[in-house]
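Put chain W on the given structure of chain S with help from the hints.
There are 2 protein chains.
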Amino acid sequence: MLIRGTGLIGTSLGIALTRAGYAVSLADPSPTAQGLARDLGAGRLALDEPEDPDLVVVAAPPDVTADVVVDSLTRWPRAVVTDVASVKGVVLDGVRRARADLTRYVGGHPMAGRERSGAGHARGDLFEGRAWVVVPTETSTKAAVDTVVEIARAVGSAVSVMSAADHDAAVAAVSHLPQVAASLVAAQLRTVDEQALALAGQGVRDVTRIAASDPRLWTQILAGNAASLRTVLARVRDDLGELVEALTALDGEAGADDSPAVGSLEVVSRTITHGNTGHARIPGKHGAAPTAYEIVTALVPDTPGALGRLLTDVGEAGVNLEELEIDHGLGQPFGLAQISVVPAAVEPLQRALAAKGWRVLD
Amino acid sequence: MLIRGTGLIGTSLGIALTRAGYAVSLADPSPTAQGLARDLGAGRLALDEPEDPDLVVVAAPPDVTADVVVDSLTRWPRAVVTDVASVKGVVLDGVRRARADLTRYVGGHPMAGRERSGAGHARGDLFEGRAWVVVPTETSTKAAVDTVVEIARAVGSAVSVMSAADHDAAVAAVSHLPQVAASLVAAQLRTVDEQALALAGQGVRDVTRIAASDPRLWTQILAGNAASLRTVLARVRDDLGELVEALTALDGEAGADDSPAVGSLEVVSRTITHGNTGHARIPGKHGAAPTAYEIVTALVPDTPGALGRLLTDVGEAGVNLEELEIDHGLGQPFGLAQISVVPAAVEPLQRALAAKGWRVLD
Numbered sequence: 001m002l003i004r005g006t007g008l009i010g011t012s013l014g015i016a017l018t019r020a021g022y023a024v025s026l027a028d029p030s031p032t033a034q035g036l037a038r039d040l041g042a043g044r045l046a047l048d049e050p051e052d053p054d055l056v057v058v059a060a061p062p063d064v065t066a067d068v069v070v071d072s073l074t075r076w077p078r079a080v081v082t083d084v085a086s087v088k089g090v091v092l093d094g095v096r097r098a099r100a101d102l103t104r105y106v107g108g109h110p111m112a113g114r115e116r117s118g119a120g121h122a123r124g125d126l127f128e129g130r131a132w133v134v135v136p137t138e139t140s141t142k143a144a145v146d147t148v149v150e151i152a153r154a155v156g157s158a159v160s161v162m163s164a165a166d167h168d169a170a171v172a173a174v175s176h177l178p179q180v181a182a183s184l185v186a187a188q189l190r191t192v193d194e195q196a197l198a199l200a201g202q203g204v205r206d207v208t209r210i211a212a213s214d215p216r217l218w219t220q221i222l223a224g225n226a227a228s229l230r231t232v233l234a235r236v237r238d239d240l241g242e243l244v245e246a247l248t249a250l251d252g253e254a255g256a257d258d259s260p261a262v263g264s265l266e267v268v269s270r271t272i273t274h275g276n277t278g279h280a281r282i283p284g285k286h287g288a289a290p291t292a293y294e295i296v297t298a299l300v301p302d303t304p305g306a307l308g309r310l311l312t313d314v315g316e317a318g319v320n321l322e323e324l325e326i327d328h329g330l331g332q333p334f335g336l337a338q339i340s341v342v343p344a345a346v347e348p349l350q351r352a353l354a355a356k357g358w359r360v361l362d
Numbered sequence: 001m002l003i004r005g006t007g008l009i010g011t012s013l014g015i016a017l018t019r020a021g022y023a024v025s026l027a028d029p030s031p032t033a034q035g036l037a038r039d040l041g042a043g044r045l046a047l048d049e050p051e052d053p054d055l056v057v058v059a060a061p062p063d064v065t066a067d068v069v070v071d072s073l074t075r076w077p078r079a080v081v082t083d084v085a086s087v088k089g090v091v092l093d094g095v096r097r098a099r100a101d102l103t104r105y106v107g108g109h110p111m112a113g114r115e116r117s118g119a120g121h122a123r124g125d126l127f128e129g130r131a132w133v134v135v136p137t138e139t140s141t142k143a144a145v146d147t148v149v150e151i152a153r154a155v156g157s158a159v160s161v162m163s164a165a166d167h168d169a170a171v172a173a174v175s176h177l178p179q180v181a182a183s184l185v186a187a188q189l190r191t192v193d194e195q196a197l198a199l200a201g202q203g204v205r206d207v208t209r210i211a212a213s214d215p216r217l218w219t220q221i222l223a224g225n226a227a228s229l230r231t232v233l234a235r236v237r238d239d240l241g242e243l244v245e246a247l248t249a250l251d252g253e254a255g256a257d258d259s260p261a262v263g264s265l266e267v268v269s270r271t272i273t274h275g276n277t278g279h280a281r282i283p284g285k286h287g288a289a290p291t292a293y294e295i296v297t298a299l300v301p302d303t304p305g306a307l308g309r310l311l312t313d314v315g316e317a318g319v320n321l322e323e324l325e326i327d328h329g330l331g332q333p334f335g336l337a338q339i340s341v342v343p344a345a346v347e348p349l350q351r352a353l354a355a356k357g358w359r360v361l362d
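Chains S and W, in that order, are what the protein sequence lines are. Here the first sequence stands for residues 1 to 362, numbered as in this note's numbering. Here the second sequence stands for residues 1 to 362, numbered as in this note's numbering.
Pulled out of the complex, with its shape left as it was, chain S reads as follows:
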């Protein structure tokens, strides 16, 4: 098979498929990028006109993906062609407009990525346990779809088959809207003074973590999903507008002896309760059922090795740690280790750690 584009995704895919026993050729407009991908074990370099590939994987930037897909369908009239762009409607539209052969095209979106980009950060296990959305056209052959599903499974991904429209609506809500929200919240911090910023806690850090994303890539992604994204963003804008009006009404009433208008408080309350409802629907990691972990907190000396001893004791208690957060006290000689475990393990773990001399907080 041929992988066209050796950035983070193309190179990671080449490494994973080579390990899985596939013969992979690589091509990239940048000789440096394709040479690096080869050196990382992603495959061999494609010659100028490689030998009639069965499958071409287009791993180019989103805004040129459709062109490279069309070019691939034309140059190799036997090949199945797929791509990995995180928007699917615009790619399909581009391929359709060019009147290319839609029976051999099947879109794809491996939902893997890292904050970093480029072949240098590629990893053969990037797709392990991640979702890979496979997006057939109305006329894709079953053989073409099976080929794409096979490589997604070969690199350890969980395959989900959707139309381009369903895919784009889904990622608008679960990926692109969160990105826009994080960016808009962080943007407000540009003009806040330092004393105010010093009050930033874990909440604003979590909400804005992905605001550090790459503007070049995300401009392509958001613009490429304009139709679906503007629908969901317009709903949020309307909700926000209603909240601003309610707060303005509440502010106007402040100082008056009357109770605030019931309608205004209801809008504020509804904002939070609707958020509760939506949040509760997010499944657990990797599609597992949501589990409400509980947290056991222990005091740990802030010295090398202490945390390791604590977690060895957690393991010896027969308890599986699900997540761990360490909170270093400001200038304190200890940290707080917050150990997430299933609820049934809380009490046994607290007893076991206390018995080993750890200070466990309630």
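FYI, nobody ran anything at the bench for these hints, they're computed from the structure. Because the structure is a prediction, the values reported are computed rather than measured. Backbone N, C-alpha and C define an ideal beta-carbon position, used for all residues, glycine too.
Listed next, with one range per pair, are the computed distances between beta-carbon atoms:
#, chain 1, residue 1, chain 2, residue 2, range
1, S, G318, W, R78, 56 to 66 Å
2, W, A354, S, R78, 38 to 48 Å
3, S, D93, W, D214, 38 to 48 Å
4, W, D93, S, A355, 45 to 55 Å
5, S, R99, W, D238, 41 to 51 Å
6, S, G318, W, A354, 22 to 32 Å
7, W, A354, S, T303, 17 to 27 Å
8, W, V346, S, P348, 32 to 42 Å
9, W, R78, S, L361, 34 to 44 Å
Frame of chain S; chain W shown alone:
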């Protein structure tokens, strides 16, 4: 001193101040709540008319805080009175409207809290290393301010002195806006189908984590900060409106041969770059200078004890672990441990772990 209100904050404060050697009395409208606080070591129960306290700490819900502050200033004409509500302007306005003695009132906001509420989750170390904003009135005496600063320091908090207006503007941007954004994003997930929800990754989880917050408390907080919050929310609404218009323009141009209007793409790009700029200003945990940690990733068998052995080896390598995230592969017999360390420790740690037989990913 007297603490009026024995929820999470009042009880935690009582435990911390009792440990620090203060004599604490407790009062709460709920006999059960105040009895529980006493049993947890937060202090003794106040008699019906306790002995002329030097200091009264009002730890009541935000929407009744002003009334309890006024009542306290009136009943104990010698006492300094402070409060712990997370909004300050409305409390000050209420006290001023009642013509109570502002020289003895100093507002406060310990920026500590947990997802849970109530005395049952109280912790004596809740305030350790957290910010505590002290909010004098224009006429608060120096002695009154010093008294409040002293108890904040006694429980390990870092004191920041601000006016009520500055405080409310600061928390609108760094706390209340992130809460509203998380809730609005999560609210959109109410109507997304299950197949789409299954695509949820770490980004949407981080952005919406605080959407699980308590609606009763947050309705009081947001309504109590209506004036400052509506200003920042209106700016976000306007930014969002501009983005919706740009995406609508981009969508209308899709399929046309023309390049998208430069203006529209610039709006999309600016959303992300402004987010980058604001995000970069958030200081490190506990007000430390921001440190860009780097991540070392190792493969860990998903069995009790394995992670403890790994972290023991991290400690023996002389490296201080800053954060740890564990990613369990879907049905895989291993997890990925992502260990955040200072950049200089990355290579030594990778070598040390590999030497001990761990599989370390690049």
